[in-house]
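Undergrad: So you can see what is in the structure, the chains are spelled out below.
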Amino acid sequence: MSNLVDLVAHNPLLLMEAALNGLLLGGVLALLALGLNLIFGVLDIVWIVYVDLVMLAMYLVYFLVQVYGWPLWLGALGGVALGTVLGVAVHLLIITPILGSPPVNQLLATGGLLFFIQSLATFLWTTDHRSIRLTLPTLEIGGMFVSFARLIAFVLAVLVMIGLYFFLTRTYIGTAIRAVSQDRGAMALMGADPQRIYIVTSAVGGALAGVAAALMSIQYSVHPYFGAAFGPITFMICVLGGLGNMVGAFIASFILSEIISIGGVVWSTEMGYVIAFALFIVLMFIRPGGILARRQ
Amino acid sequence: MSGDAPSMLELRGITAGYGHFTALWDVSLRVAAGEAVAVVGPNGAGKTTLLRVISGVIAPRSGELSFEGTALGGRPAHEIVAHGIAHVPEGRRLFPALTVADNLRMGAFLPAARKSYGESLARVFTLFPVLAERQRQRAGSLSGGEQQMLAIGRALMSRPRLILFDEPSMGLAPVMVLRLFDLIRRVREDGYTILVVEQNVRQVLKLADRAYLLEVGRVRMEGRADELGEQDFIRKAYVGL
Amino acid sequence: MTAARGLAGVALALLAVLPWVPMGGMREYVVFVMVQIFIWSFIGQAWSLMGRFGLVSLGHGAFLGVGAYTSTLLWNFYGLTPWLGTLVAMAAAVVLALVVAYPCSRFGIIGHYFALVTLAVGEVIRLLLIAERDWTGGSLGLTVKPVGRDASLWALQYADKRIFYFGALVVWLGGLWVWRRLDRSMARAAMEAIGEDEMAAASVGIRVTRFKLGITALSAALTAVGGVLYAQYITYVNPETLAGVGVSLRIVFAVVLGGMYSLLGPTVGTALTIALSEYLRIVFGVKLIGMAETIYGLVLVLCIIFLPAGIYGSARELFRRRVPAQAAG
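Residue numbers (the working numbering), protein chains in the order written: chain B, 1 to 296; chain W, 1 to 241; chain H, 1 to 329.
Any given hint might turn out to be false.
[Stated by the list, open to error] Straight-line distance between alpha carbons at most 20 Å, and here's what the computed EDC-like set of lysine to aspartate or glutamate pairs gives:
#: 1; chain 1: H; residue 1: K287; chain 2: B; residue 2: D128
#: 2; chain 1: W; residue 1: K206; chain 2: W; residue 2: D182
#: 3; chain 1: W; residue 1: K115; chain 2: B; residue 2: D193
#: 4; chain 1: W; residue 1: K206; chain 2: W; residue 2: E227
#: 5; chain 1: H; residue 1: K161; chain 2: H; residue 2: E28
#: 6; chain 1: H; residue 1: K145; chain 2: H; residue 2: E132
Please keep in mind that the hints were generated in silico from the structure rather than gathered at the bench.
If you're wondering where the values come from, they're calculated on a predicted model, not measured in any experiment.
All chains, full assembly: derive it from the sequences and hints.
TA: What follows is the structure, given as C-alpha cells:
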C-alpha cells in the first residue's frame, strides 16, 4: 500500500499515465473479450485457443508488412481476413465434430488446439520476437507520454465495436445471432439452419481476433507464446463480466486493464492480475455470476 | 373416419423417445387440410414428443411421417419449417431480450417468408393489434397472454400451412385462456390447418373438429371432437365434470 | 473376481521388483519415467474425483503450485520437514479451493464458465509465484535446499532414487484406494445426482453445496500432495512446470484419454501420454524444436475428437460389442 500512497503523493502523473494507458489497452482487449463472448453466447463453448488465433494473424501481418513490404493498412486487412478464415476453420474442423460432446471434451479440443498452434508456431518461426518496424510518435498530453500507436489502436477498436453493435442490432443475421444466444433451439423452429448461424458467428469472432491482431501488431512484438501473455487477461475479463454477457465484457475490459496497468506501475504486472482476481472473488460474493451476468 | 378430405399431415406407426426411454409407441394420426385437430391426454402421455417429432426436433425411431405427400421423418427442424409446418413451442420460447418486432422478424427467417414480410406482418398485426402497439417492447416484459400472442404471430411469419400448438394455455390466467382459444379459432378461420396439443380438454374440444386421446405414448381413442367430449370417462377424468 | 485380484497381485509384484530388474543401463531412466507416471497418475486421479462429477477444472496447476511451493518454501526458509510441510500445503490448497468453489457453487457457475474460472485461478497462482520473485525466485524457480547427506527421512531427500520409487508407488496406490472408497460411498451417489440435475438433487434434500465443496477440497488437497512429492523428487520447482494452463491441460487430457470414470483410467491415460511425450522427445531430441510438442498436441486433439470416451472407454465399448449383450427388457 505504501507504494501506492507514495506514487499518489510524489508522482501522480505516472499514475495518471498508467491509467490512460490502461484505458487505451482496454479498448483493444475489449475486442478480444467480445469475440470470445460472442462465440460462447451462441455455441456455449469457450475457445481457449482464441488468443492464439490472434497470434497467428499477427505473424501474417508481420510477414506481409515487414518481410514483403506491403503497406500497413493492407497487411492489417490481411490479418483480419486470416482471422476470419481461422474462425470458420476452427468451427468446421474442431467444433462441429464435438458439438454434442460433454463439456470437458469440448474444452480439451480447443485446449489441445492451443498446444498444437503454439508448438507449430515455435517450430515454424522459433521463439524469437518479431515486430514491425514502425516509427510512430509518442505524444505528450499534459505531461504524460502516450504512444500514438496505442491511441490509434484504441480509436480503431472503438470504431470496430460500434460496427459490431450495429451489426448485431440492425442486420438480420446479427439479430439472428442474438436470438440464438438467447434460445438456441427456437431459431431452428423459425427455419434457420443452426450450422449457418454458427459459421457466421465463428467468422465474426475470428474477424474480431484479426482486427485485434492488426491493432496489436503496431504495439507489441509477436512470438509463439503471445497467447500466454494475453490469454489470461482475456479469460479474466470474461469471467469478471460474466461469460456470455457482451456489455459486462466491455465494462470489465476497462476495469481489468486499469487494474493491471496501475498495478503494474505500483507493484508489478503480475501483481495487477492477482489484485484483479481478488476483486473478482470479492465481486462474486457480492454479486453472483460476474458484474452484470444474465447467462449462467 | 373423416376419410374424404386428403391428408395434409400423416403419421403412421411412429415410435420415438429419448435415449433409452420410449415416449411414443406406434402412433398413427392424420390431419386433413383445413381441419383443426386436438391431441389430449394426461401429463407424460407423449403429447409434446409427438409435436417434436412432427417439427423435426427429434427423429422418430420407426414409422412414417409425411406432409402433403412428402416424407419428412428424420429431417432437421429448419427443413421442416421450409415445407410449411410451424411449431409454437411449449412455454413459447420467445427471445426475451429482443423486441416484439425483432421476434417477429426472426419468424420470417425463410427466404420465401422474407419476401412477403410486409404482408405477413400486417396480417399478424390485424390478428393481434396489441403486438403492433408494443412493437418496440422487449418480449420478456410482456404479459403471459401477450407473449402467447407473440409466439403465435412469430409462427405465422414463416407462412406455414400447418401450425402446431404445444400447450398454448399453459401458464395463462383463466380469463386469458378463453381469449386464447378465440384467437386460435380466428387463426384457423384465416385458413391455417391446426394441430393443438392441450391439457385443457374442455376448451380444445370446443375448438377442434377431431381429436385424439394419447395415454402412455399410445393413441387410446380418436374421433370427432364433440363425440369424444361426450364419452363418460373423458368427462370425468379430464374435463372435471 | 479372484482372477482380477490375482492379476492385480502379479502386476503389483512386478512393479515392486522393477527397480532391480536388469535393463542394460536403461534402468535409471525407466525408474525415472515410472516415478513420473506414479506421481502424475496420482494427480490425475485426484483431478478425476471432480471431473467425473462434471466439475471440470482447468486450473489444477494452482493446487500443484501451492502444494509444491508451500512445502519447499517452508523447508528452505524455516527448515520445516516436508512431512509437516505437506500438511500445511494441503491446508493452503483447501483454502484456495474453498474460496473459489464456494461462490461458484452457490451461484450456479458450472460447465464452461466454471472451467474458465479455474483457468483464471491457475494463471493467477502462476503469476503470483512469478510476482513474489524475492522469495520464490520468479520464473527461474526454486531449488529445494539440499540437506547434504545421502538420505534423510526428515528432509525427504534420497540420493538413491529407488526409495522414491517405492514412495511414489505407495502414494499412487493410496490414490487408488481413496478413489475406490469414494466410489463406494454415499457421496458418489449424491454427486452423480448433482451432476445430472442439481435442482432435482437439491429438492430431494441433497446438500449440493456441501458435496461440491467437499469433493473440491479433497481433490485440491490430494493434488497438493502430488505437488509436494514432485518437488521433493525433482528437487526443483518452477511456476511454468507446476502452475499455469499447460500443466493443468495435460492432467485433464491424460485422465480423459485414459477414461474419467474408471479406477485405472487416469493411470492408463497418464502412462500413455507420458510414454508418447517421452517417445517424441527422444525421436526429435534437439532437432526440429517444437515438432515434438506439435505432434503431441495434434495427437491429443485427434484423440479427443475421435475417441470421446477415452482409450479405456472406447476399448470397453469394443469389448462389449464383441460379447453379445443380453436382450434389453
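Undergrad: Determine for every hint whether it applies to the structure shown.
TA: Here is how each hint holds up against the structure:
1. Restraint check for K287 of chain H and D128 of chain B: the C-alpha separation of about 17 Å stays at or below 20 Å, so the hint holds.
2. Using a Cα cut-off of 20 Å, the hinted pair K206 of chain W and D182 of chain W holds, with the two alpha carbons roughly 10 Å apart.
3. Annotation: proposed proximity of K115 of chain W to D193 of chain B holds, straight-line Cα distance about 18 Å (limit 20 Å).
4. Restraint check for K206 of chain W and E227 of chain W: satisfied, since their Cα atoms lie roughly 11 Å apart, inside the 20 Å limit.
5. Pair hint K161 of chain H plus E28 of chain H holds up; C-alpha atoms about 8 Å apart against a cutoff of 20 Å.
6. Restraint check for K145 of chain H and E132 of chain H: satisfied, since their Cα atoms lie roughly 19 Å apart, inside the 20 Å limit.
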